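Engineer: For reference, the chains in residue letters:
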Amino acid sequence: MKTVAAIAPVLALAAALTVAAPAAPAFAADLTVAFPSAAPQGQIMVAVFNSEANYGGVGQPAQVAMLDAAAGQTSVTFDGLPDGDYAVRAFHDLNGDGKMNTNPFGMPVEPFAFSNNAVGNMGPASWERAKFTAAGATTQSIDLK
Amino acid sequence: MTPSRRSFLMGAAALSAAVATPEMVRAAAALDAVAATKADWALATQDVEGDIARQTMRLVHGRAPAGLQGALYRNGPAKFRRPGGSATHWFDGDGMMRAFRIQDGQATLEARFADTPKRRTETELGAVVTPGFGTKGDDRARIGSNDDANAANTAVMVAGDQVWALWEAGSPLALSASDLSTRNFVTLRDDLKGMPFQAHPRYAPDGSIWNVGSAGDQAVIWHLRADRSLSDAQVVPLPRASYMHDFTATARHVILVLQPWVFATHAMPVTAGLTWRPEMGTQVLVLDKDDLSKRRLYELPGFFHFHLGDAWAERDGTIRFDVAASGDPRFAVDGARVLVDGHGVVPGDPAKLALITLRPDGRADMTYSDVVGEFPKADPRRAGLKRSLTAHTSGETRGRPLPTGLAVHDWDSGRSHAFEFGVHQVVEEAVFVPKPGATAERDAWLVGPSVNLKDGRTELHVFDVARIEDGPVATWQADVALPAGFHGVWAG
Numbered sequence: 001m002k003t004v005a006a007i008a009p010v011l012a013l014a015a016a017l018t019v020a021a022p023a024a025p026a027f028a029a030d031l032t033v034a035f036p037s038a039a040p041q042g043q044i045m046v047a048v049f050n051s052e053a054n055y056g057g058v059g060q061p062a063q064v065a066m067l068d069a070a071a072g073q074t075s076v077t078f079d080g081l082p083d084g085d086y087a088v089r090a091f092h093d094l095n096g097d098g099k100m101n102t103n104p105f106g107m108p109v110e111p112f113a114f115s116n117n118a119v120g121n122m123g124p125a126s127w128e129r130a131k132f133t134a135a136g137a138t139t140q141s142i143d144l145k
Numbered sequence: 001m002t003p004s005r006r007s008f009l010m011g012a013a014a015l016s017a018a019v020a021t022p023e024m025v026r027a028a029a030a031l032d033a034v035a036a037t038k039a040d041w042a043l044a045t046q047d048v049e050g051d052i053a054r055q056t057m058r059l060v061h062g063r064a065p066a067g068l069q070g071a072l073y074r075n076g077p078a079k080f081r082r083p084g085g086s087a088t089h090w091f092d093g094d095g096m097m098r099a100f101r102i103q104d105g106q107a108t109l110e111a112r113f114a115d116t117p118k119r120r121t122e123t124e125l126g127a128v129v130t131p132g133f134g135t136k137g138d139d140r141a142r143i144g145s146n147d148d149a150n151a152a153n154t155a156v157m158v159a160g161d162q163v164w165a166l167w168e169a170g171s172p173l174a175l176s177a178s179d180l181s182t183r184n185f186v187t188l189r190d191d192l193k194g195m196p197f198q199a200h201p202r203y204a205p206d207g208s209i210w211n212v213g214s215a216g217d218q219a220v221i222w223h224l225r226a227d228r229s230l231s232d233a234q235v236v237p238l239p240r241a242s243y244m245h246d247f248t249a250t251a252r253h254v255i256l257v258l259q260p261w262v263f264a265t266h267a268m269p270v271t272a273g274l275t276w277r278p279e280m281g282t283q284v285l286v287l288d289k290d291d292l293s294k295r296r297l298y299e300l301p302g303f304f305h306f307h308l309g310d311a312w313a314e315r316d317g318t319i320r321f322d323v324a325a326s327g328d329p330r331f332a333v334d335g336a337r338v339l340v341d342g343h344g345v346v347p348g349d350p351a352k353l354a355l356i357t358l359r360p361d362g363r364a365d366m367t368y369s370d371v372v373g374e375f376p377k378a379d380p381r382r383a384g385l386k387r388s389l390t391a392h393t394s395g396e397t398r399g400r401p402l403p404t405g406l407a408v409h410d411w412d413s414g415r416s417h418a419f420e421f422g423v424h425q426v427v428e429e430a431v432f433v434p435k436p437g438a439t440a441e442r443d444a445w446l447v448g449p450s451v452n453l454k455d456g457r458t459e460l461h462v463f464d465v466a467r468i469e470d471g472p473v474a475t476w477q478a479d480v481a482l483p484a485g486f487h488g489v490w491a492g
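Those sequence lines, one after another, are chains A and B.
The working numbering puts the first residue of the first sequence at 1, with every later residue one more than the last.
The working numbering puts the first residue of the second sequence at 1, with every later residue one more than the last.
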């Protein structure tokens with residue numbers, strides 16, 4: 001079906017998540033990203049972006065983390081981010097193989113989500129839908145689906 | 001006031017605080033004129049605003065046959081129009097599951113919307129925004145996966161204490177069989193999440209179930225055990241990227257009918273990407289159930305279809321099945337828009353029944369009957385096996401949509417028996433229900449609803465397959481009219 005074909009390139013997330021976190025400069029915002037409904041299984045890959053271009057795949061994430069969901073770790077706090085607009089991409093690597101697995105027609109079969117629990121339109125959620133302002137203590141609670 | 005007029009006025013109000021201009025008055029009057037010319041059948045695509053609690057239906061004709069106990073689950077679209085934008089195609093309304101339950105001579109009706117992500121998003125926005133089969137949608141759509149666009153509106157299968165609402169391009173949606181409340185999308189195996197599971201599963205003589213899901217020039221072939229768990233799923237290549245709503249099967253074969261309505265471009269809605277190429281002919285791909293890599297390809301002149309009948313193989317290897325065939329896809333593109341408009345002329349001719357024969361020497365032929373028919377159904381005791389009878393809706397005429405009667409066609413004798421209600425009834429698909437303890441093909445009832453346009457009520461009818469022309473043996477009437485649905489299944 002066209003629907004399937006058109007939304008096949010939903011995410012190129014795994015690649016973005018393999019980048020090591022740069023040293024975080026000490027600034028004002030402490031961003032907590034939580035996945036309260038995540039199953040205790042595998043690992044959750046989190047990438048935080050600080051610009052539309054980087055979020056769109058041009059540059060690198062500002063922060064990344066890998067949560068040990070199997071051990072019950074379902075949230076992470078990124079301390080000292082510069083105040084500003086951010087967006088988060090995340091996926092739940094249920095089988096811990098380091099990849100976002102897809103079905104035979106190329107659709108993701110492992111849960112993924114974006115900040116604001118934003119949903120895209122036959123693709124990843126846009127920066128416009130996923131962006132939020134981090135200032136001081138900021139929490140994004142995300143349901144991986 | 002019609003939704004279109006309401007949105008016109010809302011839009012006009014947003015543009016200007018001025019009083020009504022002559023142009024506005026003329027435009028509104030034109031829309032009112034359209035509303036006033038709604039067709040007599042428009043009730044068949046009306047919106048339902050909320051769930052319908054279980055109600056007792058009133059017996060208005062005949063009496064309930066002894067031994068008929070069970071439930072007819074039926075699915076179909078029941079909400080097309082929202083103030084901020086509407087579905088423009090019959091196939092894109094929100095799915096509403098109906099349960100007609102017959103017990104101890106009494107009938108009840110209840111209906112509940114499938115609680116899909118699409119319906120949640122569109123309820124919140126007050127607008128239909130999701131692209132579909134023929135509805136364009138807009139940039140407010142929220143589609144992270146194909147099931148976010150799943151209307152769960154096409155058909156239904158029973159699965160233990162659940163019924164699965166089926167669509168064409170996504171997962172089954174499990175509902176409670178007892179109260180039709182929505183549970184979850186069904187993932188048959190973790191690595192197959194979201195794979196399309198089409199709306200016409202075929203039940204095999206061994207109790208297992210076969211189904212397909214297509215994506216361009218490949219298809220997944222599903223094989224489920226009788227308990228609805230997954231036995232196997234394999235992806236097979238197809239010789240063309242054809243629009244496929246149905247497939248069929250014998251006891252030993254899966255049969256894909258690849259019509260010359262082919263995907264030419266990536267576009268939404270689905271119909272926008274399809275091109276009608278009758279000169280390509282129709283291809284019939286036959287796969288061996290025991291080894292899906294064993295395949296034969298047959299060629300037929302091009303025709304359009306949605307629905308196939310159950311197939312069977314004869315001793316010498318000849319395969320036969322029936323089809324509701326028409327000359328082109330104009331109904332699928334334009335006719336289904338007329339239905340949601342609630343007025344207008346449906347282009348093209350109604351589908352006719354035809355019998356397709358695939359011979360062991362590789363030849364194929366197709367014999368048209370003179371019988372106008374759609375929604376073919378057959379004896380479930382003979383699914384995949386030799387049979388004579390096809391039950392179907394009838395009475396559709398050129399220009400006017402929707403059937404007005406029920407009929408049974410006998411492929412062996414060439415004879416048809418029909419009952420015509422008249423144009424005050426929109427007749428829906430009827431399912432074949434074997435009589436308890438009986439084995440003959442005619443020892444069965446047909447059970448199906450209609451929309452009584454004159455009374456403004458949904459009715460449920462039972463026919464005796466052996467005496468279809470005598471009309472219903474029992475008719476119950478609800479105190480509501482639900483729009484016409486698509487496909488159902490009997491749970492005895």
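Calculated directly from the structure, the hints in this document are not laboratory data.
Some hints here could point you the wrong way.
Claimed, not checked - A few chain B positions that, by computed beta-carbon distances, are all more than 10 angstroms from chain A: (1) A42; (2) H61; (3) P131; (4) D139; (5) S145; (6) D148; (7) L192; (8) G194; (9) P205; (10) D206; (11) D288; (12) G344; (13) A364; (14) D365.
As the list claims (entries may be wrong) - Below, a sample of chain A positions facing chain B; criterion: calculated Cβ distance under 8 angstroms: (15) G98; (16) V119; (17) L144.
To be verified - Pairwise CB distance ranges, derived in the manner of DEER restraints: (18) A/E128 with B/P237: 36 to 42 angstroms; (19) A/E52 with B/Q55: 49 to 55 angstroms; (20) B/S181 with A/E52: 39 to 45 angstroms; (21) A/P82 with B/K38: 58 to 64 angstroms; (22) B/V60 with A/Q41: 43 to 49 angstroms.
Quick caveat: nothing in here was measured; it's all calculated off a predicted structure.
Just so it is clear, CB atoms sit at the ideal spot from N, CA and C, and this is done for glycine as well.
Engineer: Against each hint, give a clear statement of whether it holds in the structure.
Structural biologist: A quick look at each hint next to the structure:
no.: 1; hint: A42; result: holds, 29 angstroms
no.: 2; hint: H61; result: holds, 42 angstroms
no.: 3; hint: P131; result: violated, 8 angstroms
no.: 4; hint: D139; result: violated, 6 angstroms
no.: 5; hint: S145; result: violated, 6 angstroms
no.: 6; hint: D148; result: violated, 6 angstroms
no.: 7; hint: L192; result: violated, 6 angstroms
no.: 8; hint: G194; result: violated, 5 angstroms
no.: 9; hint: P205; result: holds, 28 angstroms
no.: 10; hint: D206; result: holds, 26 angstroms
no.: 11; hint: D288; result: holds, 20 angstroms
no.: 12; hint: G344; result: holds, 26 angstroms
no.: 13; hint: A364; result: holds, 27 angstroms
no.: 14; hint: D365; result: holds, 30 angstroms
no.: 15; hint: G98; result: violated, 16 angstroms
no.: 16; hint: V119; result: holds, 4 angstroms
no.: 17; hint: L144; result: violated, 11 angstroms
no.: 18; hint: A/E128 with B/P237: 36 to 42 angstroms; result: holds, 39 angstroms
no.: 19; hint: A/E52 with B/Q55: 49 to 55 angstroms; result: holds, 54 angstroms
no.: 20; hint: B/S181 with A/E52: 39 to 45 angstroms; result: holds, 41 angstroms
no.: 21; hint: A/P82 with B/K38: 58 to 64 angstroms; result: holds, 60 angstroms
no.: 22; hint: B/V60 with A/Q41: 43 to 49 angstroms; result: violated, 56 angstroms
Taken one by one, the earlier hints fail for this structure at numbers 3, 4, 5, 6, 7, 8, 15, 17, 22, listed in ascending order.
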